[in-house]
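All chains, please: the whole structure from these sequences, using the hints.
Sequences listed follow chains G, E and L, in order. Position 24, counted from 1, in the first sequence is what the numbering used here calls 24; the numbers after and before it change by one each time, with no gaps. Position 61, counted from 1, in the second sequence is what the numbering used here calls 61; the numbers after and before it change by one each time, with no gaps. Position 21, counted from 1, in the third sequence is what the numbering used here calls 21; the numbers after and before it change by one each time, with no gaps.
Worth double-checking, as some hints may not be accurate.
Per the computed footprint, the stretches of chain G lying under chain E, defined by three or more beta-carbons under 8 Å from a beta-carbon of chain E, are [as the list claims (entries may be wrong)]:
hint	region
1	32-42
2	59-65
In silico DMTMM-like pairs for lysine to aspartate or glutamate, Cα to Cα no more than 25 Å straight-line [stated by the list, open to error]:
hint	chain 1	residue 1	chain 2	residue 2
3	L	LYS174	L	GLU593
4	L	LYS631	L	GLU620
5	L	LYS483	L	GLU471
6	E	LYS166	G	GLU71
7	E	LYS2	G	ASP2
8	L	LYS483	L	GLU449
9	E	LYS166	G	GLU93
10	E	LYS2	G	GLU56
11	L	LYS174	L	ASP596
12	L	LYS494	L	ASP541
13	E	LYS2	E	GLU119
I should point out that these hints are in silico values taken from the structure, not numbers from a laboratory. Bear in mind that the values here come from a model prediction, so they are computed numbers and not experimental data. C-beta atoms are modelled at their ideal positions from N, C-alpha and C, and glycine is treated no differently.
Spelled out from the first residue to the last, the chains are:
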Amino acid sequence: MDITWYLVLSALIFAVGVTGVLLRRSPLVILLCLELMLNAGNLALLAFSRSLGNEEGQVFALVVMVVAACEVVVGLGLIVAAYRRRIPLNVDELRSLRG
Amino acid sequence: MKEVAFFAGAIGALGGAIAVIGLRNPFYSVLALIIHLISLAGLFLLLQGEFLAAAQIVVYAGAVMVLYVFVAAYVGNVDEPLWEPIPGQRFIAPLLGIALFVELGIAIVGSGLRSIESEGPTVELGFGSPEAIGTLLLERFLIAFEAASLLLLVAAVGAVVLAARKRPSEEAG
Amino acid sequence: MDATTYGWLVLAFPLAGSLLIAFGWRVLPGRSAGWIGTAAIGLAFCASLGALFEILDLPVEERQLTDSAYDYASAGGLDIQMSILVDPLSVFMCLVVSGISALIHLYSISYLTSDRGFSRFFSYLNFFVFSMLLLVLAGNLILLIVGWAFVGFASYALISFWYRRTTATEAGMKAFVINVVGDVGLVLAALFIVRELGTFDLLAIFEAAPEEFTTNESVAVVIGLLLLVGAAAKSAQVPLHTWLPDAMEGPTPVSALIHAATMVTAGVYLIARFHPVFEIALTAADIAAVVGLVTLLIAATIALVVTDLKRIIAYSTMSQIGYMVVGVGIGAYSAGLFHLMTHAFFKALLFMAAGSVIGAMANRQNIDLMGGFRRSLPFTSALLIVGALALAAFPGTSGFFSKDEILAVAETRGGFYWTFAIGGYIGALLTAAYAFRIGFRVAFGPPSEVAHDLERGVDPHAEPQNPATGEREDTDVGFPGEKHAIAEDAWPMKIAMSVLGLGALFAGYIQVPGVDHVLTTFLHGSFEDSALYEIEPTTADAWRGLAVGGAVSLAGIAIAAHFFLRDRAAAASLRERLPWLHDFLERKWYFDELIDACVVRPCLACGRWADRTFERYVVEGLVGGTIGVAKGANAAVRLAQSGYLRSYALLLVVGFCGLGLYFLVAGS
Numbered sequence: 001m002d003i004t005w006y007l008v009l010s011a012l013i014f015a016v017g018v019t020g021v022l023l024r025r026s027p028l029v030i031l032l033c034l035e036l037m038l039n040a041g042n043l044a045l046l047a048f049s050r051s052l053g054n055e056e057g058q059v060f061a062l063v064v065m066v067v068a069a070c071e072v073v074v075g076l077g078l079i080v081a082a083y084r085r086r087i088p089l090n091v092d093e094l095r096s097l098r099g
Numbered sequence: 001m002k003e004v005a006f007f008a009g010a011i012g013a014l015g016g017a018i019a020v021i022g023l024r025n026p027f028y029s030v031l032a033l034i035i036h037l038i039s040l041a042g043l044f045l046l047l048q049g050e051f052l053a054a055a056q057i058v059v060y061a062g063a064v065m066v067l068y069v070f071v072a073a074y075v076g077n078v079d080e081p082l083w084e085p086i087p088g089q090r091f092i093a094p095l096l097g098i099a100l101f102v103e104l105g106i107a108i109v110g111s112g113l114r115s116i117e118s119e120g121p122t123v124e125l126g127f128g129s130p131e132a133i134g135t136l137l138l139e140r141f142l143i144a145f146e147a148a149s150l151l152l153l154v155a156a157v158g159a160v161v162l163a164a165r166k167r168p169s170e171e172a173g
Numbered sequence: 001m002d003a004t005t006y007g008w009l010v011l012a013f014p015l016a017g018s019l020l021i022a023f024g025w026r027v028l029p030g031r032s033a034g035w036i037g038t039a040a041i042g043l044a045f046c047a048s049l050g051a052l053f054e055i056l057d058l059p060v061e062e063r064q065l066t067d068s069a070y071d072y073a074s075a076g077g078l079d080i081q082m083s084i085l086v087d088p089l090s091v092f093m094c095l096v097v098s099g100i101s102a103l104i105h106l107y108s109i110s111y112l113t114s115d116r117g118f119s120r121f122f123s124y125l126n127f128f129v130f131s132m133l134l135l136v137l138a139g140n141l142i143l144l145i146v147g148w149a150f151v152g153f154a155s156y157a158l159i160s161f162w163y164r165r166t167t168a169t170e171a172g173m174k175a176f177v178i179n180v181v182g183d184v185g186l187v188l189a190a191l192f193i194v195r196e197l198g199t200f201d202l203l204a205i206f207e208a209a210p211e212e213f214t215t216n217e218s219v220a221v222v223i224g225l226l227l228l229v230g231a232a233a234k235s236a237q238v239p240l241h242t243w244l245p246d247a248m249e250g251p252t253p254v255s256a257l258i259h260a261a262t263m264v265t266a267g268v269y270l271i272a273r274f275h276p277v278f279e280i281a282l283t284a285a286d287i288a289a290v291v292g293l294v295t296l297l298i299a300a301t302i303a304l305v306v307t308d309l310k311r312i313i314a315y316s317t318m319s320q321i322g323y324m325v326v327g328v329g330i331g332a333y334s335a336g337l338f339h340l341m342t343h344a345f346f347k348a349l350l351f352m353a354a355g356s357v358i359g360a361m362a363n364r365q366n367i368d369l370m371g372g373f374r375r376s377l378p379f380t381s382a383l384l385i386v387g388a389l390a391l392a393a394f395p396g397t398s399g400f401f402s403k404d405e406i407l408a409v410a411e412t413r414g415g416f417y418w419t420f421a422i423g424g425y426i427g428a429l430l431t432a433a434y435a436f437r438i439g440f441r442v443a444f445g446p447p448s449e450v451a452h453d454l455e456r457g458v459d460p461h462a463e464p465q466n467p468a469t470g471e472r473e474d475t476d477v478g479f480p481g482e483k484h485a486i487a488e489d490a491w492p493m494k495i496a497m498s499v500l501g502l503g504a505l506f507a508g509y510i511q512v513p514g515v516d517h518v519l520t521t522f523l524h525g526s527f528e529d530s531a532l533y534e535i536e537p538t539t540a541d542a543w544r545g546l547a548v549g550g551a552v553s554l555a556g557i558a559i560a561a562h563f564f565l566r567d568r569a570a571a572a573s574l575r576e577r578l579p580w581l582h583d584f585l586e587r588k589w590y591f592d593e594l595i596d597a598c599v600v601r602p603c604l605a606c607g608r609w610a611d612r613t614f615e616r617y618v619v620e621g622l623v624g625g626t627i628g629v630a631k632g633a634n635a636a637v638r639l640a641q642s643g644y645l646r647s648y649a650l651l652l653v654v655g656f657c658g659l660g661l662y663f664l665v666a667g668s
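This is the structure in structure tokens:
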């Protein structure tokens, strides 16, 4: 398979992730969509790494995974804290910064 | 053979992705993401990224997703209201997604990059093996490695602080 | 040290004194602020003497020296230096100003000793002397205007010294506003001068003027008239004179210094200094002399009628300055300046004596309440009579020689100038009359209540009140203090008054016609380029003039004696027979009402109209309109700030797609 296929697939997954962020209201699901986008990026990185014959892309993807893990940890911590304080888990309810 | 594997992985990944954004119950979304991740691990294997495929399964689909499962169970089923407060968001969002995909697609296919028009060069046997990745991590990308571990520490501490229960004295007040 | 260094010292001492007192008044012990102030002016006087001796060492043609401190601005063809001009005229003025000021400072130490604002007074007074010296020493028109403006400010600060009195603050504002009218005239004159002659430097102006202007060329006349406006405002000549009587709200030393001896003579100095311009613009000089004559006569008539002691002396000042303006207007420069000097002596003395009497009366100033202080206040009465004699130009006193010198020069010029001589003699008659109105009323006659008390040894006391309106006051800061100073008790006052008394009696002997002319020779160094300076009456004419003057003076004293000494009822019966005349004079010829109707009311009406139309529509329209536009734009942009995370994300993605589209299109 040409590398192009992998790249197109990665773009598609990314677009799906973006749509999810715009459509869903639960912060948990929004975080999941963020994971989708990050994974799409990882796929693209590996594809290019293979096409160049160089493992640097894979190392990059590994670090992306680390970062994604950290981000998930913090994000979930926020959700848990919000749930404990009885804040509704709906991003549309969090509007106090409106102009 | 490779094509079959590719399409299997692709369909799994795409299906999982669409399921993530489409399913009402967040718990189901988490499960869908796990399927997506495993499919992606398969695709990684096709791209000669063995170590990364393993890391994906162990770290991502394993540890990170377990976190998600825990929180989803803790938080429970939060029903999203059907009515959309922001006018037009329901219609514009998919359109934008499509537009984004089209643009990226045009950029990729119409770019004329020759290196992506083939399968890639023939690589030696140890490509993508743990040794190769490990050597790179500890030699060329040592600083990134260290920084990443620092980041993990910070994130762990931050999560503990964020989710900590209030002390009994504060709660009683 | 050369003369210009002395010149800078003359400026430095009062400024240093003022700043020292201003910044250090909290730490200065007791009444030392007064002594510091007096010492500063005393040192300035010594420096003026130093400058005098240096100047006298030089030959007559070389006596005009300039020195520049620094280049203030030289760009665009203009060269403005911070320079002083030390020449006989400025040294003369410095001596008069610093000498009289030093004595008045000494007097004030006792006079204001119980006033809570003692240090503030001396700081202001020192600053005033500095400004006046700056004015007379300025070698550059810009520096002169700076000194002019400072003097106006100092006058305002000192008139409103007792700032809790509404009458005082209103008087201060009135003085300042009328002075500003004069300032406008002066600045416009400077504008014309620089436009025609291209320079601000005084000596350069005087050299260039005869070459640039033909006699009576209209621009020169305009400059002369504008200078006259400035001089008239500062010297309280008609019609810009209404501020001077109100300025008597200030403490008596202020009246003595500023409104008798120094500030009001600034106008006379200005005309004398700009004599090259006035000798070209002869029309302007003649108009100046006419203004002086009119003021002279009007003020003398009013002084016969008003009842506030300080105001009588104020109108007297106005009248005498009228003489000086006539003098410098007709070209009798040394005579006019001689009268300036003698007037400084006897007028300051009169004010000081009046201050002592007012102290005895516990701050009441109505002359009808006074009388017979001969026995209770012997020193004060004696010096009051000395001052009155000099004012009335009694034969042998300084006023006698100086006033009649002006009139003699007027006669010598002949023709149209006879009006000045005749008017001058009429004025002299009135002057002698009101001078001894003061003298006889206050010193002679049966002792008043207060005089009786004083004779018996009772200290003066009364409820503290505003002398003009009778409002009750207290004695805290912003109002006069509790103790009332009279000269008999205070040796500084005695010393100051004695020195002035000697000057008033004997200073005239430096210009006895046919015998000596010290001042004329000395001032010649400044007036070499003058065509009129040389006009001198013959000795015979001069003595004839003196004889006429003496006779007029004695006649005036006799009139005063009739009305105010022998037959007290005569004044009252005259008032009943001519009530309209009495009212007209007492209302000061209705000048205040005239200015109110012609100037004040139209200005206020204009202001109100502008507020209704221009302010409301144009200014607020512009400002309000700008605000409205900003608010509208604000509201429009605020629509995007919905607070929804997802709509922000949407906008983000829209932007990204747009960007991508642009790059795709641009790249293809």
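What are the numbers of the hints that this structure violates, sorted from low to high?
Hint check: 12 fails alone, others pass.
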